[in-house]
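Novice: Here is what each chain is made of, one letter per residue.
There are 2 protein chains.
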Amino acid sequence: MSELRRDPIVGRWVIIAPERGLRPHFAKVEARKNSKIENCPFCEGNESKTPPEIIAYGAPGREPNTPGWDVRVIPNKFPALRVEADIERLGFGLLDKVSGTGAHEVVVETPRHDITLGELSEDNITLVLRAWKERIIDLDKDDRLRYALVFKNKGIEAGASLPHSHSQIIATPITPMVVKEELNASKEYYCEKERCIFCDYVYQELRDKKRVIYQDEHYVVLSAYAARFPYEVWILPKEHLADFQLVSDEKLYILAGLLKKLLGGYKEILGDPPYNLLLHNAPLRTPRPGYWLTVEEDYHWHFEILPRLTRVAGFEWGTGFYINPVTPEHACKVLKKVFK
Amino acid sequence: MSELRRDPIVGRWVIIAPERGLRPHFAKVEARKNSKIENCPFCEGNESKTPPEIIAYGAPGREPNTPGWDVRVIPNKFPALRVEADIERLGFGLLDKVSGTGAHEVVVETPRHDITLGELSEDNITLVLRAWKERIIDLDKDDRLRYALVFKNKGIEAGASLPHSHSQIIATPITPMVVKEELNASKEYYCEKERCIFCDYVYQELRDKKRVIYQDEHYVVLSAYAARFPYEVWILPKEHLADFQLVSDEKLYILAGLLKKLLGGYKEILGDPPYNLLLHNAPLRTPRPGYWLTVEEDYHWHFEILPRLTRVAGFEWGTGFYINPVTPEHACKVLKKVFK
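Going line by line, the protein sequences match chains A and B. Going by numbering that gives the first Met the number 0, the first sequence opens with residue 0, and the numbers climb by one from there. Going by numbering that gives the first Met the number 0, the second sequence opens with residue 0, and the numbers climb by one from there.
Worth double-checking, as some hints may not be accurate.
All copies of an identical chain are treated as equivalent in the list; a pair is satisfied when it fits inside any one copy or across any two copies.
The calculated lysine-lysine pairs, modelled on BS3-like cross-linking and capped at a C-alpha distance of 25 Å, are [to be verified]:
#1 K339 <-> K48
#2 K192 <-> K96
#3 K96 <-> K332
#4 K48 <-> K332
#5 K96 <-> K209
#6 K335 <-> K237
#7 K96 <-> K208
#8 K336 <-> K260
#9 K335 <-> K76
#10 K179 <-> K339
#11 K250 <-> K48
These aren't lab readings, by the way, just hints derived from the structure by calculation.
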């Protein structure tokens, strides 16, 4: 059984998950490759190789766990956290832990093995976004859970273990530290100014123009001011909204179009780089400890997309301090072209 | 010229360093290899391939920048920060920046190309530790600088760009966020309890025994309670001390012996894994803004050593939440053997 532990000094949580399958005496970083379609558990026709699906979008009348789907959500076969685990919160002196209660799901983004998220049609990308939204709404019903993180690792360098295009959702019984920092920062700002810090940031960037890659009526695509990675991009809704799961399907379709352009641009300009895509979303609402009482007003959902062209090394670990060799202003100029 | 920028939301600082030499249209993560001794700027006899040395320990009467040294400290040829840059702190609305004033130095740990830090003699490892200490003392004299981070990246997966054994020192004009969090946490604890949180942590672990890999009169070697990485190890002095640079040379020698054992153990058990070694040290003292007024009493220097056997992916970036497949208690059992 996995458990969550809190670092006694800084409060960073980790998941200790012995069943995640690494042998104790493994010798090297394993580059797990599984490019043969007959062995790929995410390929159409191989539905029996995964745990039974949670939801899927496909042809009307399709039987669960059979071909004919466009997007399919399944439990992770090697979950870091499990819904079945009873919740237990324990402390002994300085050392805190929580049982490994939670959810770990995989969103298979396409039945085809040879296609990436950015190559899907706008309709199909919209289905992926809808699956994320639907899963967050469902996980929010479990009052043991505090946060649902939606993320995508593309490419081995970005942490993907299978090449077939997929994203993941991990729902945790505590609010992760990085999330809490962002929530606290936006809450403090709101308390002081009665304005959302993200709205102010977008406003300033739209005035300043130097880092605005693209904007339309609903969204703004920014080259992040303090980008950790070359070509790091944030996509924010112009309308103030804390929760991604409240975005209408029409606006998800527009968002899908922007993602398609951006990912296509990465491929064209950077040569199909590995990347991480993160949904920064408000915490789940059913339980509501102190920190985010005003979250509807002070938080603002957004995407952060991090191409992994540079390595993260000791300096970054030690200081939370990244070295980025490409100026965000240059990245903006380059990426602007793909939105034309 | 590089500059430091602060993320407007969470306050994370990054260094935007266009001169670090990555072309804007690079296509892949570059595995920079330079294993030929004749081309290696860190090999004995190639002293002219580096900027002039800052300090070196070697044979008496040796001329600077000639062979005959054991440890050699040089400026980084592609520095993220520069001492020559005038300090300038600017803000515009939500966006803050600081000029790239600082230092970026390389500690070449041995004249030999084919030997790792853990394979050096205890005397030679002591010289490396002495170089770190001496450089911190010197950098502390520059009152524009706030923090000196000493770190080592071993192996490409850990971020090393050259294979010849070396460590680095980066001194920054702001206190990095991760450092500030640790300083603030230990300060808050001290304000409340009038005890050092690290001393309390060591005390609890020594009582609990399950994660104590080794202890002697002066140091304790711990399998970290909330280890982010498999076999993550912390080495702490038993004596409360905020500043590494105040450790006596005799105690550095004992520390060198522990490092040698640990690194030898990693090699034996994990097959020479990539790792990051971080010195967590108190901030430089000349300038003293609010956060660490009591730092002598509330902070406690230590090493954190992170083998890089697992990949860090989207989940970790998004949440600061690591998944570690090896329990710290198991890692302790395994590593104990190498200290016998």
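Novice: Determine for every hint whether it applies to the structure shown.
Specialist: Now the hints, each set against the structure:
In the homo-oligomer, the alpha carbons of K339 and K48 never lie at most 25 Å apart, since the shortest distance is 42 Å inside one protomer and 46 Å across protomers. Taking the shortest Cα distances, K192 and K96 sit within 25 Å of each other only across copies (22 Å), while inside one copy they are farther apart (36 Å). Taking the closest pair of Cα atoms, K96 and K332 come within 25 Å of each other only across two copies (21 Å); inside a single copy the shortest separation is 47 Å, beyond that limit. For a Cα distance limit of 25 Å, the shortest separation of K48 from K332 qualifies neither inside one copy, at 45 Å, nor across copies, at 36 Å.
Taking identical chains as interchangeable, the C-alpha atoms of K96 and K209 lie at most 25 Å apart only when they sit on different chains, with a minimum of 16 Å there against 45 Å within one chain. Taking the closest pair of Cα atoms, K335 and K237 come within 25 Å of each other only inside a single copy of the chain (19 Å); across copies the shortest separation is 55 Å, beyond that limit. In this homomeric assembly, K96 and K208 come within 25 Å of each other (Cα to Cα) only across copies, at 18 Å, whereas the closest approach inside a single copy is 46 Å. Within a single copy, K336 and K260 get their C-alpha atoms as close as 10 Å, which meets the 25 Å cut-off; across copies the closest is 54 Å, which misses it.
For the homomeric pair K335 and K76, neither the shortest alpha-carbon distance inside one copy (40 Å) nor that between copies (33 Å) is at most 25 Å. In the homo-oligomer, the alpha carbons of K179 and K339 never lie at most 25 Å apart, since the shortest distance is 37 Å inside one protomer and 42 Å across protomers. For the homomeric pair K250 and K48, neither the shortest alpha-carbon distance inside one copy (34 Å) nor that between copies (57 Å) is at most 25 Å.
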